[in-house]
Amino acid sequence: MSWPGRPWNSISDCPVGPMIGAIFSALALSLAMVLVGCSAGPGSVTDPATRSAAGPTTSLSSPAPAPSPTETPTSSPGSAVAQASPPERLTPKVSLKTYAHNQVSFSYPADWTVVRESSTSVLVLDEHQQRIASFNADIPRGASPCGGVEPARIITLEVIPLDLPVSPSIKGTAYVQTQFAFTLIEGKELWATMAITGFQRSADGTGCYITNEVRGPEDSTGDYSFGDCVVLTMDGARMGRTGAVATTLPDFQSVDEAREFMKTPFYSNFKNMLISLRIATR
1 MSWPGRPWNS
11 ISDCPVGPMI
21 GAIFSALALS
31 LAMVLVGCSA
41 GPGSVTDPAT
51 RSAAGPTTSL
61 SSPAPAPSPT
71 ETPTSSPGSA
81 VAQASPPERL
91 TPKVSLKTYA
101 HNQVSFSYPA
111 DWTVVRESST
121 SVLVLDEHQQ
131 RIASFNADIP
141 RGASPCGGVE
151 PARIITLEVI
161 PLDLPVSPSI
171 KGTAYVQTQF
181 AFTLIEGKEL
191 WATMAITGFQ
201 RSADGTGCYI
211 TNEVRGPEDS
221 TGDYSFGDCV
231 VLTMDGARMG
241 RTGAVATTLP
251 DFQSVDEARE
261 FMKTPFYSNF
271 KNMLISLRIA
281 TR
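Going by the numbering used here, the letters in the sequence shown line up with residues 1 to 282, in that order.
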């Protein structure tokens, strides 16, 4: 190709040749820069050592995996979380029977026995046919005063007020409301009695005997008692309606020992029988 008036043998002879050469040089430089940039782009693979030195990276395109659910560990016997423990004292459920005759009724454990000795006396025996208690109506009036004998210490460990009929004649007197009482009298040992009573145990904490007696309605039971004995003396003698009686109650060496006895099923069964007493009035 030639321009009119002046022929060129090569492109370098053309006046624009140097310009075209410069353009090619610039294009080559740009292409080299692009290739270098692409080699370090997002798709490049970096050396693991380099990646560790750079620190962890967080991808915005994919969320972090959710933590897998874990179970709450169950407390073992040796763990810091205390397990709920059953109460220390549980009285086994007791099957009951009911004694009812005339105006008197009460409940007692099914493996105990009730024997009606007379029209005014009922005997309660345990599962081994040992005497536990008796109910007596129309009993003679209580024991006499100490008569110069040094009184013993009397300790009442439990009292439960009861709603039982009493003689109208005792109103305004020193007799207390009818109640269940577990009482000790201190002699050579601590003798115990469990019974219903209407007598104040002791105003000053001493006495020669403990009386388990209620001044009942004259037109109903008269004076009555329900417990291991009618009278317990300071030498440990237990008197019933007509004389000495046996008992299944133990003797104690200390008040603490008696308190431990109060935790036993026998104590609970005996007490529950006594406080179940009902007397109908005419």
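No wet-lab data here; the hints were simulated from the structure. Be aware that a few hints might be false.
As the list claims (entries may be wrong) - Simulated crosslink set (SDA-like; lysine to any residue; CA at most 20 Å straight-line):
#1 271 <-> 188
#2 188 <-> 256
#3 271 <-> 130
#4 271 <-> 141
#5 271 <-> 160
#6 271 <-> 251
#7 271 <-> 131
#8 97 <-> 138
#9 271 <-> 122
#10 263 <-> 164
To be verified - The following label-pair restraints were derived from C-beta to C-beta distances:
#11 250 <-> 100: 29 to 35 Å
#12 250 <-> 148: 28 to 34 Å
#13 113 <-> 170: 31 to 37 Å
#14 141 <-> 280: 19 to 25 Å
#15 266 <-> 148: 36 to 42 Å
#16 168 <-> 116: 27 to 33 Å
#17 177 <-> 101: 37 to 43 Å
#18 95 <-> 264: 14 to 20 Å
#19 276 <-> 117: 30 to 36 Å
Being a predicted model, the structure only gives us computed values, none of them experimental. Backbone N, C-alpha and C fix where the C-beta goes; we use that ideal spot for every residue, glycine too.
Results of checking the hints against the structure:
{"no.": "1", "hint": "271 <-> 188", "in the structure": "violated (26 Å)"}
{"no.": "2", "hint": "188 <-> 256", "in the structure": "holds (16 Å)"}
{"no.": "3", "hint": "271 <-> 130", "in the structure": "holds (17 Å)"}
{"no.": "4", "hint": "271 <-> 141", "in the structure": "violated (24 Å)"}
{"no.": "5", "hint": "271 <-> 160", "in the structure": "holds (10 Å)"}
{"no.": "6", "hint": "271 <-> 251", "in the structure": "holds (17 Å)"}
{"no.": "7", "hint": "271 <-> 131", "in the structure": "holds (15 Å)"}
{"no.": "8", "hint": "97 <-> 138", "in the structure": "violated (25 Å)"}
{"no.": "9", "hint": "271 <-> 122", "in the structure": "holds (17 Å)"}
{"no.": "10", "hint": "263 <-> 164", "in the structure": "violated (26 Å)"}
{"no.": "11", "hint": "250 <-> 100: 29 to 35 Å", "in the structure": "holds (31 Å)"}
{"no.": "12", "hint": "250 <-> 148: 28 to 34 Å", "in the structure": "holds (31 Å)"}
{"no.": "13", "hint": "113 <-> 170: 31 to 37 Å", "in the structure": "holds (33 Å)"}
{"no.": "14", "hint": "141 <-> 280: 19 to 25 Å", "in the structure": "holds (24 Å)"}
{"no.": "15", "hint": "266 <-> 148: 36 to 42 Å", "in the structure": "holds (38 Å)"}
{"no.": "16", "hint": "168 <-> 116: 27 to 33 Å", "in the structure": "holds (28 Å)"}
{"no.": "17", "hint": "177 <-> 101: 37 to 43 Å", "in the structure": "violated (25 Å)"}
{"no.": "18", "hint": "95 <-> 264: 14 to 20 Å", "in the structure": "holds (18 Å)"}
{"no.": "19", "hint": "276 <-> 117: 30 to 36 Å", "in the structure": "violated (20 Å)"}
When held up to the earlier numbered hints, the structure conflicts with 1, 4, 8, 10, 17, 19 and fits the remainder.
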